[in-house]
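Chemist: Below, each chain spelled out in residue letters.
There are 2 protein chains.
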Amino acid sequence: MADFVARGSPAAPITPVVMSGGAGSRLWPVSRAAKPKQLHALTGDRTLLRRTVDRFAHAPDLFGAPIVVCGAAHEALVRAQFAGDPEPPRLILEPVGRNTAACAAVAAYWVAGSEGPDRLILLAPADHLVASPRAFAEAVRRAVPAAEAGDLVSLGVRPTHPETGYGYIRLGEPRGEVFEAARFVEKPDRETAERYLAHGGYLWNGGYFLFRADRMILEMERLAPEIFARAREAVDRGRPIDGGGLALDPAAFAAAPSDSIDYAVMEKAGRIAVAPLDAGWSDVGSWSSVWENARRDEGGNAVVGDVLTIDAHGCFIRSEGPMVAVAGARDLIVVATPDAVLVAPRQEAQKVKDIVARLLAMKRVELL
Amino acid sequence: MADFVARGSPAAPITPVVMSGGAGSRLWPVSRAAKPKQLHALTGDRTLLRRTVDRFAHAPDLFGAPIVVCGAAHEALVRAQFAGDPEPPRLILEPVGRNTAACAAVAAYWVAGSEGPDRLILLAPADHLVASPRAFAEAVRRAVPAAEAGDLVSLGVRPTHPETGYGYIRLGEPRGEVFEAARFVEKPDRETAERYLAHGGYLWNGGYFLFRADRMILEMERLAPEIFARAREAVDRGRPIDGGGLALDPAAFAAAPSDSIDYAVMEKAGRIAVAPLDAGWSDVGSWSSVWENARRDEGGNAVVGDVLTIDAHGCFIRSEGPMVAVAGARDLIVVATPDAVLVAPRQEAQKVKDIVARLLAMKRVELL
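Note that the protein sequences, when read in sequence, are chains P and Y.
Under the numbering used here, think of the first position of the first sequence as 1, with each following residue one higher.
Under the numbering used here, think of the first position of the second sequence as 1001, with each following residue one higher.
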């Protein structure tokens, strides 16, 4: 793995591991099992995965060669994202999805073996937007000393509204440029979220984690031994693939329990820190959020594709299929693909998951 | 033309002439140049044209064999409507559309020549709905004596709301079972329409006209001589087609001025009568009107095709293309075809014509 060492030079202490295994069903009908959210350009012309990987190039002194962990079924689509790049990211292929804890275990174990046990890893979701890559890098940079000293550092986003769809991290005492994490809290109800917002001492759990590979391995062996054992097996029995990556062993990885890294490790581990992230973050978790992050015309409409609007205001309209004409509408989401069309008021964007659930119940798998 | 006489027996004094030349652009994107409104099933499972022709079968003592006047380009689609019928309607094919005056002139001249000059003709739009064919026939039956005596009789619909999209007929003195028409009035503004509604002496001009062929010929020679001359030429130089119909001569018919029968004749002719029509009439002139005439579920939604609704109310949703999912919406129109999708609030249904105008300006002819 000589090319590895060259790429992950000591001058760039962090190996970014991009988790690209999500389904993104709240962005149906564009996001589908065969081509999930992160493989689409939702704002601008690059896909979320491509933007995530490109983000690291803004701080080459900080970030070494990235790894992308994705479903084996998406290998070709993911590779196509980086066709022509002199150094495309290495891929780790998951035969099935097993949530973020197993992904973190695989990353920690593989990077420890190939780049050294004290190598820093930044676990990063593939499907978020970060407006300022520079501010993002600076937030990570401030977290490096704590991570090098052995903390598991979570990046925490300053809440802008009482969001009930995210976990929160209660800030503890400041320690250098980061804070102790007093507590991880699950998705709150509305009232609790409002209290957190007013309180000011709670940050959103953005899903980014910086840690030394050996420290994560240690915590996983202690807190999630079954997940870690299966992940290790899946790496050890894995098959090398083009570009210096790895296809995980299907039987071993499938046997790993499915759990989130937050729940399996971060909420229970010792020495958890939080580094505030103020970089224009969005998880683009709904079409409403895509609208918020999109360029809008003077009528407040964001349109993508073959779209005609007449007297429309505050609408998000996107087509990658039939021509879409919207007349006289306010605050509407209209998303069209060749085989499915979604229409919902912007304020009801979260109902998309009910649609997806219904389609699943109806066994309309061709639409999922 | 022996089969003619057999079908148009004296016992059934009226030859229905169904005008199927309209574009129905307010029902875009379903209604297209290549397959306009009347060739679609908008409510129920029969097309509007088929329902119009079937309506006459409810009163075989009144209506003889019908004629359908349609665009030559639609011949195959129109014939397909009546495939397998023992006596499909005869067709008159228009090489181009020239509005209803030329259509009426052709019908009057051709029927006068083939079925006799005193034959009664009922001009009927192909794209309206009539809930009660029986009440329709009775309204026409009441108009027969006046028409036989030489009146041009218009069927007038009792207004239910201050519609600004129709012409009105001011009722004059009663004469037998009909009324004199005091005046034809063009589409009024809102205020005028409200005055008409309150007044009670105004009926909507429904677009149905009953008259003796020779009387219409006489009025046209007087009031619209150029239209009549070209129509006569188009018939005389026409080409017989399968089923006892006629393809009008292209050059002659194209030279006919384009005008409505209302404007060219009815508003100016002598001896105009009105027969009230109370039969559940609708011109299905917009998607909002289709919704009103459709069967609706308990949420007030009318859905056709591959549609999924979650918490939707008062919506009209139709797909003959992609699957359409609507969540959390109120009073919305969503119409999808394989290449175009329309979304508009139900109250804005009339904006569809602006969309069509815009598409025309953009030369998006493939969508028209």
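These are calculated hints, taken from the structure and not from any lab test.
A couple of the hints might just be wrong.
Cβ pair distances, simulated, as ranges [unchecked claim]: (1) P:353 x Y:1296: 23 to 33 angstroms; (2) P:189 x Y:1296: 48 to 58 angstroms; (3) Y:1132 x P:44: 22 to 32 angstroms; (4) P:41 x Y:1132: 47 to 57 angstroms; (5) P:189 x Y:1297: 44 to 54 angstroms; (6) Y:1298 x P:295: 54 to 64 angstroms; (7) P:330 x Y:1072: 39 to 49 angstroms; (8) Y:1054 x P:353: 28 to 38 angstroms; (9) Y:1085 x P:41: 30 to 40 angstroms; (10) Y:1132 x P:189: 32 to 42 angstroms; (11) P:366 x Y:1295: 34 to 44 angstroms.
Idealized CB from N, CA, C, for every residue including glycine.
Chemist: Does each hint hold? Answer for all of them.
Modeler: Hints, verified against the model:
1. P:353 x Y:1296: 23 to 33 angstroms: Taking Cβ atoms as reference, residue 353 of chain P and residue 1296 of chain Y lie about 27 angstroms apart, which means the hint holds.
2. P:189 x Y:1296: 48 to 58 angstroms: Since the Cβ atoms of residue 189 of chain P and residue 1296 of chain Y sit about 36 angstroms apart, the hinted range of 48 to 58 angstroms is violated.
3. Y:1132 x P:44: 22 to 32 angstroms: Roughly 58 angstroms apart at Cβ, these two residues miss the hinted range, so it is violated.
4. P:41 x Y:1132: 47 to 57 angstroms: holds, 55 angstroms
5. P:189 x Y:1297: 44 to 54 angstroms: violated, 33 angstroms
6. Y:1298 x P:295: 54 to 64 angstroms: For residue 295 of chain P against residue 1298 of chain Y, whose Cβ atoms are near 41 angstroms apart, the range 54 to 64 angstroms is violated.
7. P:330 x Y:1072: 39 to 49 angstroms: holds, 44 angstroms
8. Y:1054 x P:353: 28 to 38 angstroms: Given range 28 to 38 angstroms: violated, Cβ gap about 46 angstroms.
9. Y:1085 x P:41: 30 to 40 angstroms: Roughly 53 angstroms apart at Cβ, these two residues miss the hinted range, so it is violated.
10. Y:1132 x P:189: 32 to 42 angstroms: violated, 56 angstroms
11. P:366 x Y:1295: 34 to 44 angstroms: violated, 28 angstroms
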